[in-house]
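Visitor: From just these sequences and the hints, can you work out the full model?
Number of protein chains: 2
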Amino acid sequence: MMPNKNIIPHLHTTSQKQRSELNGHKPKIFWFTGLSGSGKSTLAGKLEEELHKRGMHTYLLDGDNIRLGLNKDLAFSLDDRTENIRRVGEVSKLFIDAGLIVLSAFVSPLNKDRDAVRALVAEGEFVEVFVDCPIEVCEKRDVKGLYKKARSGVLKDFTGISSPFEAPLNPEIIIYSAKEEISESIDKMLNYMKNTNE
Amino acid sequence: MMPNKNIIPHLHTTSQKQRSELNGHKPKIFWFTGLSGSGKSTLAGKLEEELHKRGMHTYLLDGDNIRLGLNKDLAFSLDDRTENIRRVGEVSKLFIDAGLIVLSAFVSPLNKDRDAVRALVAEGEFVEVFVDCPIEVCEKRDVKGLYKKARSGVLKDFTGISSPFEAPLNPEIIIYSAKEEISESIDKMLNYMKNTNE
Chain Y
1 MMPNKNIIPH LHTTSQKQRS ELNGHKPKIF WFTGLSGSGK STLAGKLEEE LHKRGMHTYL
61 LDGDNIRLGL NKDLAFSLDD RTENIRRVGE VSKLFIDAGL IVLSAFVSPL NKDRDAVRAL
121 VAEGEFVEVF VDCPIEVCEK RDVKGLYKKA RSGVLKDFTG ISSPFEAPLN PEIIIYSAKE
181 EISESIDKML NYMKNTNE
Chain F
1 MMPNKNIIPH LHTTSQKQRS ELNGHKPKIF WFTGLSGSGK STLAGKLEEE LHKRGMHTYL
61 LDGDNIRLGL NKDLAFSLDD RTENIRRVGE VSKLFIDAGL IVLSAFVSPL NKDRDAVRAL
121 VAEGEFVEVF VDCPIEVCEK RDVKGLYKKA RSGVLKDFTG ISSPFEAPLN PEIIIYSAKE
181 EISESIDKML NYMKNTNE
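Note that the protein sequences, when read in sequence, are chains Y and F. Using my numbering, you'd call the opening residue of the first sequence number 1 and step up by one each time. Using my numbering, you'd call the opening residue of the second sequence number 1 and step up by one each time.
Don't take each hint at face value.
Copies of the same chain look alike in the list, so a pair counts if it fits in one copy or across any two.
Below are the DSSO-like pairs computed for lysine-lysine, each with C-alpha atoms no more than 30 Å apart in a straight line [what the hints assert, rightly or not]:
hint, residue 1, residue 2
1, Lys72, Lys112
2, Lys188, Lys17
3, Lys72, Lys140
4, Lys17, Lys144
5, Lys17, Lys72
6, Lys144, Lys112
7, Lys26, Lys46
Simulated from the structure, these hints should not be mistaken for laboratory data.
Guide: Dropping the structure here:
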């Protein structure tokens, strides 16, 4: 479709390595996947806070800053969800290249879509965090009132009700958000970073 | 099209202000616009190098990392160019929110598209840099051989030949890349930053 061969790369002098050195840590994506209401955004926000306290350079991507901006042209059909996650993956890759630690919190229900993001970056840079919470608990919380709308049919293509969720096959981290204290979950992620040499 | 009202903002605790404080400088977009071959990418790369040397946190967006990734589904019709610039604008906004200085180098031929990006961020954050170079000079350079292809008709929708370029009406900075030394152009931009309190 597009004349890729006519895009000739420039050799820019400032590299990911230099940007990372200035930041003082390695870049990484923490990719939070799970049902609506499982606690992804809360966990991502809390992890960002802890990393920021430690002087790390971070950025959080979630529906709030993506669905209302970059991806405001997309809805929630499976095709649009795939394109949503593809774009978030590409944006995460740019942030990785910029040397930041990205926290991406999206339902991202399909293995193939998450795997495609993993394939975009270097080994070890993609950390899949499965926020595992029974749908009964998510639905009971229903912080945003979305489950109610989905059950009544007002909201279509809703993950767990009228659209599938595929649990990750080999996530780097599993958070049992219905059972764990949030501090426990955060420690799990901070320890993971320590053990993988940040 | 999409149920915007079902995206309920989270109040995240780490703010743009906090990220900027950690970086030690304000975020900004230097938006380079001009014909193919005018020197946008070279100038953006050189400016990034100088800012990085000064300990600033930067990222460069150009065709190399955007057209082959996030926007690989887009071609060069006017509609696709508008969508290309819209997405780059939204990504630049995310980097601004992350506290970085973004250098965006895209032909971005239309005033309305550039103005739409300007409108996305706060006053003073968008710095339009018009890389003003006569088309005869760009065509003579023809570093990428694109003008030759455009003249022969192999390459369609080529800015300046078969697609329009609208010069910015009120750019913050004008670079006369056919006349100025590159060091002179870079000083112009560094001085602009100093004078606008970075």
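Visitor: Confirm or reject each hint.
Guide: So, going through the hints one by one against the coordinates:
1. Lys72 to Lys112: Classified as both; 22 Å inside a copy, 19 Å across copies.
2. Lys188 to Lys17: Answer is both; intra-copy 27 Å and inter-copy 28 Å each pass.
3. Lys72 to Lys140: within (29 Å within a copy, 41 Å between copies)
4. Lys17 to Lys144: between (41 Å within a copy, 28 Å between copies)
5. Lys17 to Lys72: Between. Shortest inter-copy distance 25 Å satisfies the 30 Å Cα cut-off; intra-copy 33 Å does not.
6. Lys144 to Lys112: within (27 Å within a copy, 36 Å between copies)
7. Lys26 to Lys46: Both ways: Lys26 and Lys46 sit 20 Å apart in one copy and 24 Å across, limit 30 Å.
Consistency note: the structure conflicts with none of the earlier hints.
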